[in-house]
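Enquirer: Residue strings, one per chain:
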Amino acid sequence: MNIIYQIAIIFSICWVGQIIESLLPFPFPASVAAMVLLFTLLCLRAVRVDHIREKSDFLLGNMAFFFIPAGVSIINYFDVLRSALLPLLVICLVTTVLTFAATAYSVRLTRYLMDRRKKQ
Amino acid sequence: MSELFASPFFGIALSVAAFWVGVRIQKRTGLVLCNPLLIAIVLVSAVLLLLRIPYEDYNAGGAVINMFLAPATACLAVSIYTKLPLLRENWLPILVGCAVGSLTSMGSVWGLCRLFRLDEAMTASLMPKSVTTPIAIGIAGSHGGIQAVTVVAVILTGILGSILAPVLIKLFRVEDPVEAGLAIGACSHAVGTSKALELGETEGAMSGLAIGVCGILTVLLSLALM
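Just so you know, the protein sequences line up as chains X and W, in that order. Just remember that this note's numbering sits 1251 ahead of the position in the first sequence, which is counted from 1. Just remember that this note's numbering sits 14 ahead of the position in the second sequence, which is counted from 1.
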């Protein structure tokens, strides 16, 4: 499909995501709402992957690049960083490693238990 | 001259140039620490600080790039959908993994905050730091946290996750792409997912899934625990 229609489909879904965000009573990001919505539309076959393939490949393939401005925005918060840089770095590092290991191993354990039950 | 830096073209061109340098350095050195995103952030920040260009001027272009984050996150649905059989087969491990991951993240932040004797406001700001920014600032805000601290912690965590992902996979011997993807998404949200997408289709899809599931679980946990 023409790229302009692909952009229109994806941006419309994102806009509906923002509408959902504004209606929900608790903090929930529009981007994740849009992700759930697009997933639902794909499952219902209302949108097919072919309709948005090139645009979605472009967006997913360059995802890291889109985070540059968010990362640079840290220079606005130097006062926060200066007051607690070391604890902040240690906390981010330690919890990232712990969370990674805990998630990976709990997925492995659950799959192992499921396999064992299936075999019995 | 200085008003020319407030043109959106300047911010976009600078970001692309910095990212290009980052990709080149990564290819040349092959070092995990030479992460293109990290290099680009450092280079852009250095240019802004050295030339005394206000962040607001750079952000005329930065906001345009930032706008693509929402559609990119939405398109993770495409990579999840193409792995639908994997999702059907693994819904329980996915749920258990994300629940354990979210609890570990919040629990370890709480413990470390006690260790460093950080106050209540600081603790509330850091507790949701492993989930995607909008959810994290929402949680921090409703529990008396400082949102600026949350933003910094979320971004730092994401960058750390995307740099460390290949190292952690080797260190903890996580060869399975489902385990690896979920672990990356659970510990470092969308920034980590950008790395997971580079590792493989399954890693990317599972990491994208973990952003949503961990985000929702963390909101629920914060209501119950904080």
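No lab work stands behind these hints: they were computed from the structure. No experiment lies behind these values; they were computed from the predicted model shown. Take these hints with a grain of salt, some might be off.
Claimed, not checked - Simulated coverage check for chain X against chain W, where a stretch passes if three residues somewhere in it have a Cβ under 8 Å from a Cβ of chain W:
| no. | segment |
| --- | --- |
| 1 | 1259-1269 |
| 2 | 1281-1290 |
| 3 | 1314-1324 |
As the list claims (entries may be wrong) - To give an idea of the interface, some chain W residues facing chain X are shown, with a C-beta separation under 8 Å as derived from the structure:
| no. | residue |
| --- | --- |
| 4 | 21 |
| 5 | 46 |
| 6 | 48 |
| 7 | 50 |
| 8 | 64 |
| 9 | 67 |
| 10 | 100 |
| 11 | 118 |
| 12 | 166 |
| 13 | 180 |
| 14 | 193 |
| 15 | 208 |
| 16 | 214 |
| 17 | 235 |
| 18 | 239 |
C-beta: ideal position from N, C-alpha, C; glycine also.
Enquirer: Decide, hint by hint, whether the structure agrees.
Expert: Structure-based check of all given hints:
1. 1259-1269: This one holds; 5 residues, not fewer than the three required, reach chain W with a Cβ under 8 Å.
2. 1281-1290: holds (count 9)
3. 1314-1324: Held - the segment 1314-1324 of chain X has 11 residues with a Cβ nearer than 8 Å to chain W, which meets the minimum of three.
4. 21: 15 Å, violated
5. 46: Nearest chain X Cβ about 14 Å off; hint violated.
6. 48: 13 Å, violated
7. 50: 6 Å, holds
8. 64: This interface hint is violated because 12 Å lies over the 8 Å limit.
9. 67: Status violated, d = 11 Å.
10. 100: Status violated, d = 12 Å.
11. 118: Cβ of residue 118(W) sits 4 Å from chain X, so the hint holds.
12. 166: 5 Å, holds
13. 180: 12 Å, violated
14. 193: 4 Å, holds
15. 208: 4 Å, holds
16. 214: Violated, because the Cβ-Cβ distance from residue 214(W) to chain X comes to roughly 12 Å (cut-off 8 Å).
17. 235: 13 Å, violated
18. 239: 15 Å, violated
Against the hints set out earlier in the document, violations occur for numbers 4, 5, 6, 8, 9, 10, 13, 16, 17, 18.
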